[in-house]
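Chains as they are written, first to last, in our numbering: chain A, 1 to 168; chain B, 1 to 293.
It is worth saying that the hints were derived from the structure and are not from the lab. Ideal Cβ placement from N, Cα and C applies to all residues, glycine included. Some hints could be false.
[Said to hold, decoys possible] No more than 20 angstroms apart at the CA atoms, straight line, and that leaves these computed lysine to aspartate or glutamate pairs for EDC-like:
| id | chain 1 | residue 1 | chain 2 | residue 2 |
| --- | --- | --- | --- | --- |
| 1 | B | Lys42 | A | Asp156 |
| 2 | A | Lys159 | B | Asp99 |
| 3 | A | Lys19 | B | Asp99 |
| 4 | A | Lys46 | B | Glu208 |
[What the hints assert, rightly or not] Covered by chain B, per the in silico footprint, the following chain A stretches (three or more residues, Cβ under 8 angstroms):
| id | segment |
| --- | --- |
| 5 | 57-70 |
| 6 | 94-102 |
| 7 | 137-146 |
| 8 | 161-167 |
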Amino acid sequence: MTLTDLMTMAKSNEELQKKIRNQLWNTHPDECYQCMRCTSGCTSLKLLELKPHEITILVNAGFIEELVSSDIIWTCTSCLKCRERCPQKASPYNTIMALRNLAVEQEAKIPEKYMKVVAQILETGMAEQAQIVTSKDMQSFNREKLGLPEIQQADDKFKAIFMKILGG
Amino acid sequence: MEDEELKIAVYWGCKIPATQYAYEMSVRQVLPRLGVELIDLKGTSCCGGPVRSINNLASMYLSARIMALSSKTTGEGLLVPCNECHFMLTETKHRIDNDEETYEQIGKLLSEEGLEYSTDLKIWHVVDLLHDVVKVETVKSTVMKPLEGFRFAVHPGCQIIRPSEIGRVDNPENPKKLDALVKALGAETVDYTEKLDCCGAALMYSHEEAALSLAGSKLKALQAYGADGFVDTCPYCHTMYDAKQEAAAATVGGKLSVSVFYYTQLLGIALGIEQKKLGLHLNQSNDPRKFNL
């Protein structure tokens, strides 16, 4: 089912629309006049059919639940072309990020890897752990073997603050 | 620039110190030779990049935390060699500096750890640090082994050139600094239509096949231009084009054989630094013996 199908069936939700608008700073989707400059240069248009101008108009129409439960908001590559080129400061990129945050808040289905990375940060402070890498001639190397200094990780104080923010 | 030493703090992020050792090694090798002394930040954490999709405030806190750690050092600014981290920190700084409510909210969170946000931090990326501070002329005059006869295609990446409203390292639509830095090494650069195409790395979280296809299409197009190699400056882009090149080739059909380098690796070679110290043996896409640098 495409977004357009959803739109014909859906009811506007002003409460959630307000939530999205409150999350946006210096971003004005309501100023969008559908010039489609965002969509014409969108990295994810061809492969994943992301149409940023459509996201913006759906938000303006209040079809937030439909967007939040759709996979389409997870197809953005964050290349930031739409934000750069928008003549109205509507930045679909920022709207998409706000919709993703709301999807998490509403416990909608989100790509697993995002939650994994948050768990990793809570555990070690970093999004990734140092790995053993292999050269083209199949030799293994870690940081020490390459003469790189040990990573000095953050202590637990920061984790408590981070956790508190996530918990709302 | 040659006579005076510049001391600068460096935040490596997660991707570089976890897997992209060649970038870290080559940055550590080349910058001191150009008069830039690096001070490693201690007790760092993620910049908040992947967290932005989950919780915007949490991601801003993470970015601000790095900036607060940096203001505790004696460095004259902060070098952030990862494009995503560079964007996250600059974006958060722009918000904090222009939004009183966020300034107070973040300040309160940081104070729980005894940290303080300072508004006068200057954030650098490898590209603008070399181009604007060290200067292209200095790079040029320090070269010992010019890369003459080579033609490279440069990949400026997305997040260090956009959005211009927050202040980025180069022009958002016609970036030329990386080209100028490659030319300073004696090589030529290729003008190509796909120069601004995105590597797709962010989609590895949700749509892996599409991500690989984006990386693959750019390399496939590039092969037709007959460049000797591909130059980038971001650990995410580099992973897509280098380590994932074979997988990317499978999604676009045909064979890909593009030698991918970090700019700092090429710079190191031109400065006469041993290839192993620049992590050239860790690149997965190219065979230095075949390349004959």
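Verification of the supplied hints:
no., hint, verdict
1, B/Lys42 x A/Asp156, "14 angstroms, holds"
2, A/Lys159 x B/Asp99, "25 angstroms, violated"
3, A/Lys19 x B/Asp99, "19 angstroms, holds"
4, A/Lys46 x B/Glu208, "15 angstroms, holds"
5, 57-70, "violated (count 0)"
6, 94-102, "holds (count 4)"
7, 137-146, "holds (count 5)"
8, 161-167, "holds (count 4)"
Comparing the model with each earlier hint shows violations of hints 2, 5; every other hint is respected.
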